[in-house]
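> Line by line, the protein sequences are chains A and B.
For any residue, its number in our numbering is found by taking its place in the first sequence, counting from 1, and adding 2.
For any residue, its number in our numbering is found by taking its place in the second sequence, counting from 1, and adding 1474.
Simulated from the structure, these hints should not be mistaken for lab results.
One or more of the hints may lead you astray.
As a list, the in silico DSS-like pairs of lysine-lysine whose alpha-carbon atoms are at most 27 Å apart [claimed, not checked]: (1) B:1483 with A:77; (2) A:143 with A:45; (3) A:189 with B:1498; (4) A:44 with A:204; (5) B:1775 with A:44; (6) A:182 with A:45; (7) A:143 with A:182; (8) B:1520 with A:204; (9) A:189 with B:1540; (10) A:41 with A:204; (11) B:1540 with A:41; (12) B:1540 with A:182; (13) A:142 with A:45; (14) A:44 with A:182; (15) A:204 with A:83; (16) A:83 with A:143; (17) A:205 with B:1540; (18) A:204 with A:143; (19) A:189 with B:1483; (20) A:44 with A:83; (21) B:1540 with A:204; (22) B:1520 with A:142.
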Amino acid sequence: MGRSNNKDRMIRSMADEDEFLVRSAQEGDLRAFEALVEKYQKKMLHLAFRMLGDYEEACDAVQEAFLSAFRAIRKFRGEAKFSSWLYGIVLNQTRNRLRQIASRDRRHSMSLDDPLEPGSGRLDTDPPSLEASVLDQLEKKEIEEKVQECINQLDEGYREVLVLRDILGHSYEEIQQTLKLPDGTVKSRLFRARESVKNCLKKGFGNL
Amino acid sequence: MISCQDFEKRLPAYQEGLISGQDKKDLEDHLRSCESCRLVLQDLEKTQDLLGRLPEVAPPPWFTRKVMARVREEAEGKKGLLRKLFYPLHIKIPLEAVASILVVVLAVYVFKATDPEMQVLQRPSESVPSLPKDFAYRGKGKEISPVPAAPTAPITPPTLETKTKGRLGEEQNDHPLSESGALGDKKTEEPRPSVAPLKKTESSESKPAPALGATAKEKDRPQPGVLESREEKGKSASDRSTVGQTAVLKSTPTGITIQVRDVRESVKKALDLLQQAGAGNIQRETTQEIEIIAAAVESQKISRLLDQLNSLGEVQGKGLLPQTQEEPVSIRIEIIPSSLDDRDKLDK
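Generate coordinates for the entire structure from the input sequences, incorporating the hints supplied.
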């Protein structure tokens, strides 16, 4: 009970801080905007990187997103949380970049629904082991790469929900605000995305 | 009986704590007995765990500075643009001057381009009496013949003249009738197509009174059947060709010509007849050989008046008199000696 109150107070104080910084930035205070960049850059980069799977692209996307946010900050009226608004901008940037990447690498694109071609891709060159668990034998970095690979194979809409919920740990309400989607759609997309990633990992690792 | 596949579909919701009550109990019972479904649930939990353990990535060094450098660039760019646009007394003064001149030129051009249409719109529409097809319009000393006509057509169109400026001498310009265009040239009897050869035009003009002297401009003076108006001044030729017809007729009195043997006597009779017809604003103008009477007559009495005027001599131009107008009509009667007209005829 006491812990819950402390958490609420912390969230409220963060929101107050955001409100103050946003209002100052809206009045042209660049240092206030810089404080917002400093505060949210890591989370935004985390989201962009998990969405894009490419560090350089993610950095560029976040930089553009902050610039877009600065241009539009006077239009922010505080109906949603500033962080949700900012996450939305970053997701817009990542969507644009995903489309660019997709059109660039159309020939190499792959969907979870597509059957895997024998002899192509890493999944076949690294066949599932019959041993009890491969995960123990793999380096942590390799596991992360494999998971990211599976995320990258999700369609855009599913990927967004999965990253926001399972990686960034957002609440359903926050996700609805950020993506402007109804609760049912968020949940159904999340469950399907998890199922797809699970199947993808099983294909790669055998037993998880 | 619920199959394993159905239970598997419910597992993500169960994992999120979204299933409760009997459904939850059924699912948990099934999980206890079904190893396959239990494994699926474990895989889901493991997947979620793996996703949740993905580490945050660190931003590159100087990332905030890079972002803020672009933000400042943007902010200064905005200010710079505003300054360029609105900073007063900058080097853009010549640009402003050029822009102002352009606006003025454009405004004049637009005004000129729309002027004729505006003039026509300002006048009320009126039914135009039947006109000869081969009349020509006359601008300021310039003849425009929009309707080509067969030169040999011997039809006799009524004469309609409205303007005398520069035709009967300077002193006539001060005449009250000249304001309404009531004073006119002498009329020739025979209609002449607008495309008639210039030679004939000149010979016909040289016959009448010396006041109608043949200067270069007067070569363009109206021929029988020629309709002219001072309002044509400044109008474009294309405008005059169609729209101008209505405007000219509406603003000028209708004219008839009577050829008589004795002009003086006929004028007296004509004045009597006009008075009998209740004509108002009767005015008279005398030149060397031509008498001109202008008056306002009620349209109902016009036909009777014309019949009476027939007794004086041959009347031309009756066809142009409006028949349906209810207001008093301005008419102009020119009484010319028949011998004068004969000379014209011979000349042609």
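> Looking back at the numbered hints, which does the structure fail to meet, lowest number first?
1, 4, 5, 7, 9, 10, 12, 15, 16, 17 and 21
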